[in-house]
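Asks: Since the structure of chain G is provided, determine the placement of chains Y, U and H on it from the hints.
Listed in order, the protein sequences are those of chains G, Y, U and H.
So for the first sequence, the numbering used here puts the first residue at -8; every next one is plus one.
So for the second sequence, the numbering used here puts the first residue at 23; every next one is plus one.
So for the third sequence, the numbering used here puts the first residue at 341; every next one is plus one.
So for the fourth sequence, the numbering used here puts the first residue at 4; every next one is plus one.
Mixed in with the good hints there might be a few duds.
To be verified - Subject to a maximum C-alpha distance of 25 Å in a straight line, what follows is the list of computed DSS-like cross-link-like pairs (lysine-lysine):
| # | chain 1 | residue 1 | chain 2 | residue 2 |
| --- | --- | --- | --- | --- |
| 1 | H | Lys375 | H | Lys166 |
| 2 | H | Lys388 | Y | Lys678 |
| 3 | Y | Lys662 | Y | Lys678 |
| 4 | Y | Lys678 | Y | Lys190 |
| 5 | U | Lys626 | U | Lys370 |
| 6 | H | Lys388 | H | Lys166 |
| 7 | Y | Lys620 | Y | Lys662 |
| 8 | H | Lys388 | H | Lys375 |
| 9 | Y | Lys190 | H | Lys166 |
| 10 | U | Lys370 | U | Lys394 |
| 11 | Y | Lys190 | H | Lys383 |
| 12 | Y | Lys190 | H | Lys381 |
| 13 | Y | Lys620 | U | Lys367 |
| 14 | U | Lys430 | U | Lys394 |
Derived from the structure by calculation, the hints contain no laboratory data.
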Amino acid sequence: MHTLQDPEFGNKMVTLMAALVLVLQIAMVAQRWIVTNIRLFAAQSFLLAAIANTIAYYNHAPHIYVAAVLTLLAKGILVPIVLERLVARIEIRQEIEPIVNIPLSIVISGGLTLVGYVLAEPFYRPEEAPGAATLGHNALAVAISLFLIGFFMMINRRKALTQVLALLCLENGLFLAAISLTYGMPLIVELGVLFDVLVAVMVLGILVYRIRETFESMDVSRMRRLRG
Amino acid sequence: MGSPDPFLAAALASFLAGAVSGLATGFGAGLGTWKQRPAAARIVAFAFAVLGSLLLFVASCRALAHPSSATWSLPLVTLFPCTVRLDPLSAWFTLTLALLALAVSIYSFGYLRPMERTRNLGALGFFYNSLLLGLALVFTAANAFFFLSAWEVMAVSAFCLVVFEHEKAETRDAALVYIVMSHAGTVMLLAAFLLLAAFVGGTDFASFHLLASNLPPAELGAVFLLFFAGFGVKAGIVPLHVWLPDAHPVAPSNVSALMSGIVIKCGIYGMARVFFDFYGPTPLWTGTVVLAVGVVTALVGVLYALQEHDLKRLLAYHSIENIGIIVMGFGAALMFRTLGHLNLAAIAIVGALYHTLNHAIFKGLLFLAAGSVVQSVRTRNMEEMGGLIRRMPGTAFFFLIGAIAISGLPPLNGFVSEWLTYQALLAGFGTTQSLTRLMFPIAGALLALTAALAAACFVKAFGIPFLALPRSEAAANAQEAAPAMQYAMALLATVCVVLGLGATWILPVFDQITQHTVGVAISPSLVAHGIALQAGTAQSGTVSPAGIALVFLALTGTVAFLVRRRLRHARVATGPAWDCGLPGLTSDNEYTATAFSKPLRLIFSAFYRPNREIRPEYDVSPYYPSAIRFESGIEPTFEKHFYGPLRTWIFARARKMRAIQAGSIHAYLAYIFVTLILLLLFGVRQ
Amino acid sequence: MIPVFLTAVVQLLLLLTVAPLVGGLIKTLKARMQVRRGPGILQPYRDLHKLFRKGMVLPETASWIFSATPYVVFSATAIAGLMIPMISAKAPLGLFGGVLAVVYLLGLGRFFLALAGLDTGSSFGGLGSSREMTIAALAEPAMMLAVFTVAIGANSTSLSEIARVATSTTWHFLAPAQMLAFAALFIVLIAETGRIPVDNPATHLELTMIHEAMILEYSGPYLGLIEWGASIKQLLLMTLLINAFLPFGLRAAWSLGGLLVSLSYLLLKLLVLAVTIVLVETANAKMRFFRVPDLLAMAFTLAALGLVSTFLF
Amino acid sequence: MILALLLAVPLSACAACAVSAVSAVSRRRSVLEAVNVTAFAITFLLALAVASQVLRSGAISLWNGFLYADALSALVILLNAAVALVCSVYAVGYLREDQRLGALDGEVGSHGAEAKLRMYYSLTPLLVFSMLLVTLANNLGVMWAAIELTTLASVFLVTFYGKVTSLEAAWKYAMIGGVGLSMALFGTLLTYYAGHKFPGSEGVAGLNWSILVGQAAQLDKPSMRMAFILVLLGYGTKAGLAPMHTWKPDAYSEAPVPSAAILSVAVLNCAIYGLVRFYVLTSRCLGAQYPGSLLLLLGLFSMGIAVPFVLVQRNFRRMLAYSTIDQAGMMVTALGIGGKLAAFALMLHMTFHTVAKSLLFLSAGNIYQCFKTDLFLKLKGGVLKVLPITGAAFCLGTMAIVGLPPFSLFQSEFLMIRAAFGTAHFLVGALFILFGLGVFTGVTLHVSGMLLGTSEEPRAAWHPWRDTPIAILAVILIVIGFWLPADLLELIRRAAEVVSP
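In isolation and in its complexed conformation, chain G is listed as follows (with noise of 0.2 Å):
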């Protein structure tokens, strides 16, 4: 029971779990299919809110609990809920093509990966109290990768729905930074993030399913009347 309470496998967890949510987030980089993508998604958003309840439990930081129901109640369920009704709804059949082919693609995510750990080594400081810090470090790297990531997919997708996805794996590397950096953003600010997700995730809906109905298609690379 005691190896429960030491905060090193609590330490081995978080940066197993966040290693999971880097993989998820190359392996929707290699997924051609929408509906998988955001079943992918789906299990990032709830390894993300496991990640959280981790932090929370063993930094005793009891408002992440909050922060981490309303993650999993968002955009573990809700979110993809919505997504897959809105591919249903307008018949998505055919697969992703990126812009760039998949396996330049994976390459070009690890190197964003790399990036990631470039840029989270000035935060490395072992001479400072263990815990956040250190844990921090290794989270704050995946999570600028999957930040990172997540802006190459909206470049690299063509279709409308699947930057939308991309969009909300960006965020959900912010989501990751926020917990494993801070222990969370105060709580208000938390749900006003939320909030304003949910609601971008409205209104983009709404933009796709315009988008659809006008265009005959999600490409949005076809969108290209106004110039200059």
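Replies: Relative to the frame of chain G, chains Y, U and H by itself:
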């Protein structure tokens, strides 16, 4: 902080009132009321202009009589001081402005009458008055911010006046080139002033006095060149002159007179202010550059004028020439001051400034006369005029006076200022042992060439439109200009004569200016025996326009008397011209302007690159052309080889740049992504 | 010591009387050199006399400019003549103007003459004016540069001063600068006075004439005035040339005694110069109009060399 | 208390208009219009009150520092409230004209005209509310949320006409805005991390600007470095700094003109406001050099990028957008130059730009509705003849925006360049001037082509709803060129002191 000069204040107020009234009447016309009494706009606005000019005249005379450098600030802008100062240099230019503005405003009463039902003269009155206001403030502003504000007010209202007849595409294009180049000049000035301010610490002109020479060499050169170029654009020095011959002619003629007479003088004022007030002795190269630019400007201007057959364009090109002569004076003065010959510097400055006034007067006169011609013949092309001396004797006479003056022929004012410049250049040879001394006589010789070419050009400009037989229907029944217009021209013509004959009595005015700038009062050594000008010392040469005029009248009188007496017994008949016995002289026999300038076109063909094209048109047989089109022109070197390519290059680049915004959201996101990663990598880890 | 007014009158009379003489002299010498008898030295006087006795015809196309021109030309030239030292280094109207004034007064006359040429409306007049102004414009810089070379030597533009310096220093005309300037000024003289090879005063062939073309429409006294003016111009330019460069026998001030001596000196020198001109005229054919610029360019170069040579010597 | 009111008024207006669907009476257009105009009028008055209170008694705060208004916020609030009021008045005339022309029954995704009007009249107050929240929120996180809210509220204003192009514009706006804001969020988060270890900074207060600024010196340096870059790019996207500017021309040229005006002026002010707040933190933590150079980089780049697009622009509303990018670049450059003078110039410029640019957009709207096109090719000039007042106003606005005296922006730019040279930023000053010249050239060419010349259109009549705001703005523009109310000037000075005391 001195007390405001009441007359100056009143003058400014009057211009302001004129502008406001113009605005009111203009809006009235714009909104449809006032249509029934259109004369109101014209009379009110220009009455204020006349009043303002008179007040300004008084103010400048007082300032020249009792010089003071007291500044007083207008409560105009909250954030900045708007200080005004009427020191002798400013006063000299406001005097110029006042004289010209007075005549032109009087002229406008007659000139605008025909167009008062078809055009919104309220707007014209507004911009006209704001132009005068801007000019007055440019000449009197005493700190950088206010100067630049006034400068732009002047430039923009000039633009609005030039573009007044904006239905014509020609007008619009000319005005656009003007405003863009003018603004380019302004930003150069802005940079120069602020650089100077950064080193000196203040923006007051008083705080700049003679301090600009303390800048480190690089900055000194940069600031000097920025000032020279910035003011040069406005003054129209080559190669920054290209806007001038397009913009001046397309404006209404009264505006053209102001533009060529005084607006370009803002550049001259700026140069005088900067070169001799802000800067102390400068490196020799500065003077050399200015002198060389002056020579080139004068020559290029007159050479283009010679091939111009559009009367107003021709005059515009002559403005460039005269600006060149003035700038030569400045260049020589800069060099003399550096070499330590302050008297010579003073003479050169006096020559240049005197020529500034003279040119304003006779160029204004010429433009006004040209305006009345154009108004009654409805074309600017000389080839369609001719014989006007009979239909419009007054205008012809005044134009002749102007032509003699601008050709620098004695005894009128143009001769005086050119004589002073000659003397300065001539004496310059002795100022140094280095090779640079050769510049002075060469410059003098080229000045002589310029003057001679100008004379040739004005033989054409007077002879072709006014003499011999009318070349077109319109010319045949042209109407003499309205009285108001003739009064204005008479006024300016009189001033030409006075400035010529009375030069010796006017020169002392410059003492204060030279005292303030180069530190010597020159006029005592410029006047010999009261009636003669002398160049510095008693031996160095004298001239007396008044004396010449006197003897000339006496001699002519006697000769005329004798000849008349002879002719009383003899028979004087008028008959058809003999013309080597060829009967039936018609206007087709006459020498055209093109023909007149042909020899010089051929002699200077290396410069003109004349192009000619003969295109026969056949209808039936290839042996008998039904018509032959002949085209001949000269190549606009600067436009074709510099400005044109520059423009095309810039716009081509800009079009290429549009590819950045090609509509692909992925590209847009990629920009941000790359920026992010680069900034993070280079920004965070340092 | 004689008052300025008197000297002015004297010099004016001299100008009026000597000028036609020089013209006649050149004509006759030329004729002799071409083995003709020639009209005789006094012919110009006879011409003037006749012209002033005759009536005249004014072309109906002409305006008042046409009638004003003769007076302007005559007076302007005469005044210019009063500004050059003729028989005394002290020019009567020296105060009223120096060499610049002389040049510009001649310019004034030319200006009106050209206008008169255009005024008649005949194509010959226009042709004449155009060519006259062109040549004058090209001659001007050369003339100025030559004059500058002299003036710089004297450090003055007042002809009296120049002459005074010239007389005070002996043999100074042997200086290369002076010689080159002299050559330049001589060419200018040829061009300005409308002599072969630039212009042919004797011809009325429209292709070649310049000066004559402008005054084609004049007759009677007006023609007389213009011709007289022209000969005065020729005289004063020649006098300028010789007194600026070879000021032998030029008295510093006016005095009755010196008057005759210096007058004879003047006439002598004029004779020499006239002979030179005649030689040039007979040795050369008239140039094509568009060759004239080459000649004047040469004059300009000579004058410039003169200036440069002031460095060397 | 007044701060709460300030937020409450537009929010309630939004709610009122949103729910007005249910009640048949309030469906009527006039009701919506009335609600909006009155709401914004009250907002403006409240803003005035806030400003005066700040002037009298320094910074005020509410709900233990959750809402916080110092001079800077007060200034921005005042400007934005004014813009909102003017635009709401103009919108009445504009939308009525649209309805008359049948522009509202769009082809695609068509709601009826009523639905569209209701959408407009309920989203605009929401937008204004979020902008006020941005400037009132003391907590940087809340400020972020509010800025995100401005985006969300304005997306559907961009798709207002439901045209294909407007949809495209909206998508780009949403996507780029979303990315930008997530960067900003990351930055905010790092800022929190940089300060969260201090006592008393636990919980909400940990992100309160007023607290952070006090202990800025001890903030964690590496994280502040990274944070500033992220925030700069994030809020820079909102402000439309190059290379994040790409959404701007699209959005501005597609949104209905009043909203475009609000986006281009008020939202820009908010973004600059955000940047200023973070700049203060960062410069106190890392010294002014680091954030300054970054700001100069982006600012000059934005000014430079605007030049070619203005030069060869074909559409006058897009031209205005690029001019806004140019102006944003100027303000950021001024911020980057640093020092009292530059800060003062920045605040002045913000004020002046607010007036000039809204005038330009509104009169551009008139021209657009009269000539039914926004392409230079299609309208071949003659605006001055057809719409004398609007044309004159547009001319004034143009002169002001390109920085011609005697108009006010010349004064602020003069100060900026002076500050640049005074702090030995010679290259910066030179480029500033050069780009200014480029923009001047382009704008002058296009605008004079538009205004001058002749047109066969008949002279348009006077539309009180649309022309009065324009006339008022024109008068204000001319007046502030010469005279600023002492209080406003004082407010601007104080705001500048917030940046560099």
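Asks: None of the hints should be skipped; say for each whether it holds.
Replies: Against the structure, the hints come out as follows:
no., hint, in the structure
1, H:Lys375 - H:Lys166, "holds (15 Å)"
2, H:Lys388 - Y:Lys678, "violated (35 Å)"
3, Y:Lys662 - Y:Lys678, "holds (23 Å)"
4, Y:Lys678 - Y:Lys190, "violated (31 Å)"
5, U:Lys626 - U:Lys370, "holds (15 Å)"
6, H:Lys388 - H:Lys166, "violated (31 Å)"
7, Y:Lys620 - Y:Lys662, "holds (22 Å)"
8, H:Lys388 - H:Lys375, "holds (16 Å)"
9, Y:Lys190 - H:Lys166, "violated (38 Å)"
10, U:Lys370 - U:Lys394, "violated (29 Å)"
11, Y:Lys190 - H:Lys383, "holds (13 Å)"
12, Y:Lys190 - H:Lys381, "holds (19 Å)"
13, Y:Lys620 - U:Lys367, "violated (33 Å)"
14, U:Lys430 - U:Lys394, "violated (38 Å)"
Consistency with the previously given hints fails for numbers 2, 4, 6, 9, 10, 13, 14, ordered from lowest to highest.
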